[in-house]
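S.K.: Add chain B to chain A, keeping to what the hints say.
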Amino acid sequence: MTPNLHLWLIPLLPLVGAAINGLFGKRFSRQTVSAIALGFSGAALVMALWIAAQFSSLTLPRVESLATWIRAGDFQVDFAFYLDQLSLVMLLVVTGVGLLIHIYSVGYMWEEGGFYRFFSYLNLFMFFMLTLVLASNYLLMFIGWEGVGLASYLLIGFWFTKDSAASAGKKAFIVNRIGDFGFLIALFLMIKHFGSLNFEQVFRIVSGLPAETAGAGLLTAIGLLLMVGAAGKSAQLPLYVWLPDAMEGPTPVSALIHAATMVTAGVYMVARSHVVFDRAPQALMVVAIVGTLTALFAATIGVCQTDIKKVLAYSTISQLGYMFIGCGVAAYSAGIFHLMTHAFFKGLLFLAAGSVIHAEGGEQDMRRMGGLRHHIPWTFWTMTAATFAIAGFPPFAGFFSKDAILWKAYLNGSWVYWAIGVFTAFLTSFYMFRLWFLTFFGEYRGEAAASEHVHLASRAGAPAPHEHGHGGIHESPTVMLIPLVILAGLSICGGWVGSERFDKFLSPALHSGVTAYSAEQEAASTPASEPREHGASEGLLTSISILAAVSGLFLAWLLYQRRPQLPQEIAHALGSFYEAVVHKYYVDEIYAAVFVKPLIDGSTRVLWHGIDRDVIDATLDNSAEGAREVSDAMRHMQSGNLRSYAGWIAAGAAVVIAYMIWLGTR
Amino acid sequence: MVPLSYYLVLSGILFACGVTGFLIKRNIITIFMSIELMLNGVNLSFVAFAAQWHALSGQIFVFFVMVVAAAESAVGLAIIIAVYRTRETLNVDRINLLKL
Chain A
1425 MTPNLHLWLI PLLPLVGAAI NGLFGKRFSR QTVSAIALGF SGAALVMALW IAAQFSSLTL
1485 PRVESLATWI RAGDFQVDFA FYLDQLSLVM LLVVTGVGLL IHIYSVGYMW EEGGFYRFFS
1545 YLNLFMFFML TLVLASNYLL MFIGWEGVGL ASYLLIGFWF TKDSAASAGK KAFIVNRIGD
1605 FGFLIALFLM IKHFGSLNFE QVFRIVSGLP AETAGAGLLT AIGLLLMVGA AGKSAQLPLY
1665 VWLPDAMEGP TPVSALIHAA TMVTAGVYMV ARSHVVFDRA PQALMVVAIV GTLTALFAAT
1725 IGVCQTDIKK VLAYSTISQL GYMFIGCGVA AYSAGIFHLM THAFFKGLLF LAAGSVIHAE
1785 GGEQDMRRMG GLRHHIPWTF WTMTAATFAI AGFPPFAGFF SKDAILWKAY LNGSWVYWAI
1845 GVFTAFLTSF YMFRLWFLTF FGEYRGEAAA SEHVHLASRA GAPAPHEHGH GGIHESPTVM
1905 LIPLVILAGL SICGGWVGSE RFDKFLSPAL HSGVTAYSAE QEAASTPASE PREHGASEGL
1965 LTSISILAAV SGLFLAWLLY QRRPQLPQEI AHALGSFYEA VVHKYYVDEI YAAVFVKPLI
2025 DGSTRVLWHG IDRDVIDATL DNSAEGAREV SDAMRHMQSG NLRSYAGWIA AGAAVVIAYM
2085 IWLGTR
Chain B
2 MVPLSYYLVL SGILFACGVT GFLIKRNIIT IFMSIELMLN GVNLSFVAFA AQWHALSGQI
62 FVFFVMVVAA AESAVGLAII IAVYRTRETL NVDRINLLKL
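If you read the protein sequences in the order shown, they are chains A and B. Quick note: to get the numbering used here, add 1424 to the position in the first sequence (first position is 1). Quick note: to get the numbering used here, add 1 to the position in the second sequence (first position is 1).
A couple of the hints might just be wrong.
[Stated by the list, open to error] With the Cβ distance kept under 10 Å, some of the chain B side facing chain A (calculated, not the full set):
1. Phe-23
2. Leu-24
3. Ile-25
4. Lys-26
5. Ile-29
6. Ile-32
7. Asp-94
8. Ile-96
9. Asn-97
10. Leu-98
11. Leu-99
[Unchecked claim] Calculated from the model, a selection of chain A residues having no Cβ within reach of chain B, i.e. all distances over 10 Å:
12. Gln-1509
13. Ser-1620
14. Ala-1997
15. Ala-2004
16. Val-2006
17. Glu-2013
18. Thr-2043
FYI, nobody ran anything at the bench for these hints, they're computed from the structure. From the three backbone atoms N, C-alpha and C, an ideal C-beta is built for every residue, glycine too.
Same shape as in the complex, but just chain A:
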């Protein structure tokens, strides 16, 4: 019997921090608020590390039940936590990156109003995210799933006085609801057919079912519905539209929620449900196709964005697409591996972008940056590490994970996934180096003084007495640089563990006996001569993807460094296609015309004017009016005149007597 690990403490610690800051934070000084927020999320990290330290001695998977939550007949849901290799990886990523971003936020948000509110939300997010990754049943996972959505909504709309931020929050919430709807139906199907939502029971029952290779059945339906949920949360086609708008939130939020952790919840969920997906090849194929298309689609949009955070947002969508390619070809460990490295380098990219924005006093348009590398060297060098990592240069972290996904896509899936993946890698490299060159090289194109810009602080409505003053471009304070440096280290070294070893570590959690591609894999691995042949082709594929990364770098250098007038000419040459890409393929406009406008018009005409105003309100108004009119008429009976009262009594008595007589003679 292994000792109790008190897994429930890990999510609960940040909740305590959120409660303290949320309830009493208004009276605390900024130092106290940050100490509480950092203390509790740090404690969660310490617990996660403590568990990781004794991980090898544990029997896995391990379920710790805290209390019974729902019991109805045979159906039971517990507050129970589930620990295996997969949740450990997620646990470490969430607490580790989460703490670093907490530290960074102290510096970034120092001048902002609502400091305590921000940290309360941030801790609340940690609570829900940790609940999500540690839950031992789908319902508890769903609580975390919804909770991170709530935290995301609160933080996107953090500057709620700004209209665009408030509506971006709403958009994120509503689009996520569409995905959650699919997730919920999947849960209902599980309850109906399996009678349980516990991972262990569901997976045991599913393991006994045959793979649905011939036709689509129950497992395919569940898989597709789960994928709908994942597409909402992880911003995949066609539900990705909320993520770019979510950049209205403060930059640390973009880093933590909309790049490193929350948006990867969908990938985690698909990997966690691998038992279902393994037996539903069609659902798995949908996952792979959605991932591939999203990766390509978002990357092309990213090429033309000029807002530094929007580029990173589309890049995030594209990278999430990669993770889904990984999951979609049943290479879950590769997807999770990319999730982990992506958390490092994309978190870093956002934080560094935040540092750039901070340095420029709130400027986010890359066309007004340039030549910043001498002014903010720390930011420059850390961002360089992250850029090389995401572009897939060896030996940076992104190279290993992206290569693992592309290799598995080629091996298990089809060469189409691989080809699109490599092309996307080229685009990724191009737009990231475009960002890098535009921001850090060339001549400074912004205003000399930042005074005309919208300051971070004045955005929140507070006067901005900044310590260093906003007179010029300046490096961020140390408290913001420390997380940058740590994450830069992780972005460089994070992939060195290697996808093989990572796969081996995760295999107990991600192995289900049957895989959708078991036939191909067997053919690939049994004969002695095969591996070598594959080894050769793996080497070839790797060289091609490195080539893609290098050519992306070269093209970006050519267009934005060597011949800065070329992009304009190319844009002219491409004409309407370029216009479409700049306008993000008009997806927002199409959604507005096809879904939003009919919905608003229908609600206005039918539900509001038709039903609410003309039926519900009218019924109430008319009955009130009727009561008033009747009373107005009856009022004259009560005159105060004694004899008229007597008359009414006599008349009433006469009526009663007449009725009696009528009854008697009938």
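M.R.: Frame of chain A, contents of chain B only:
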């Protein structure tokens, strides 16, 4: 023997007289007397039934009604005096406000 219907018709006439007086008279004292007339009309029907069916309960009821009527007239006359003192009139049509 006088048939029951005679008594009942007389009782009805008395009651109707009482009601009519109650409705058309304006003087409180007269109204008060009309009430007594109605009570006695009812009493008459009670005793008539009691005699017809040889049941004592009708007679006892009449005693009750008389006692209540006596108490009522005592209280009622007191109220009438009080009203007269404050309003200086006994016309019910002019006593139509609860406050002065």
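S.K.: All hints, please: hold or fail.
M.R.: Outcome of the hint check:
With a cut of 10 Å, the hint placing Phe-23(B) at the interface with chain A holds, because the nearest CB-to-CB distance is about 6 Å. Of the supplied interface hints, the one on Leu-24(B) holds, with its beta-carbon coming within about 6 Å of a beta-carbon of chain A, less than 10 Å. Here the hint on Ile-25(B) is kept, as its CB sits about 8 Å from the closest CB of chain A, short of 10 Å. With its C-beta approaching chain A no nearer than about 9 Å, Lys-26(B) sits inside the 10 Å limit, and its interface hint holds.
For Ile-29(B), the interface hint holds, since its Cβ comes within 10 Å of a Cβ in chain A; the closest pair sits about 9 Å apart. Given hint, Ile-32(B) at the interface with chain A, holds; its Cβ is 8 Å from that chain's nearest Cβ, closer than 10 Å. With a cut of 10 Å, the hint placing Asp-94(B) at the interface with chain A holds, because the nearest CB-to-CB distance is about 6 Å. Taking 10 Å as the C-beta contact cut-off toward chain A, the hint placing Ile-96(B) at the interface holds, the least distance being around 7 Å.
The interface hint given for Asn-97(B) is met, as the beta carbon of that residue sits about 4 Å from the closest beta carbon of chain A, less than 10 Å. Because the closest C-beta pair between Leu-98(B) and chain A is about 6 Å apart, less than 10 Å, the hint holds. With a cut of 10 Å, the hint placing Leu-99(B) at the interface with chain A holds, because the nearest CB-to-CB distance is about 8 Å. Against chain B, the non-interface label of Gln-1509(A) holds: every CB pair exceeds 10 Å, the least being about 86 Å.
The beta carbon of Ser-1620(A) is kept farther than 10 Å from every beta carbon of chain B, the shortest such distance being approximately 72 Å. With a closest Cβ-Cβ approach of about 95 Å to chain B, Ala-1997(A) is found to remain outside the 10 Å limit, as its non-interface label requires. For Ala-2004(A), the condition that its CB be more than 10 Å from all CB atoms of chain B holds, with the nearest at approximately 83 Å. Non-interface call for Val-2006(A) relative to chain B: holds, since the shortest CB-CB distance, roughly 82 Å, exceeds 10 Å.
Here Glu-2013(A) stays apart from chain B, with its beta-carbon at least about 72 Å from theirs, past the 10 Å limit. No beta-carbon of chain B is positioned within 10 Å of the beta-carbon of Thr-2043(A); the least distance is around 38 Å.
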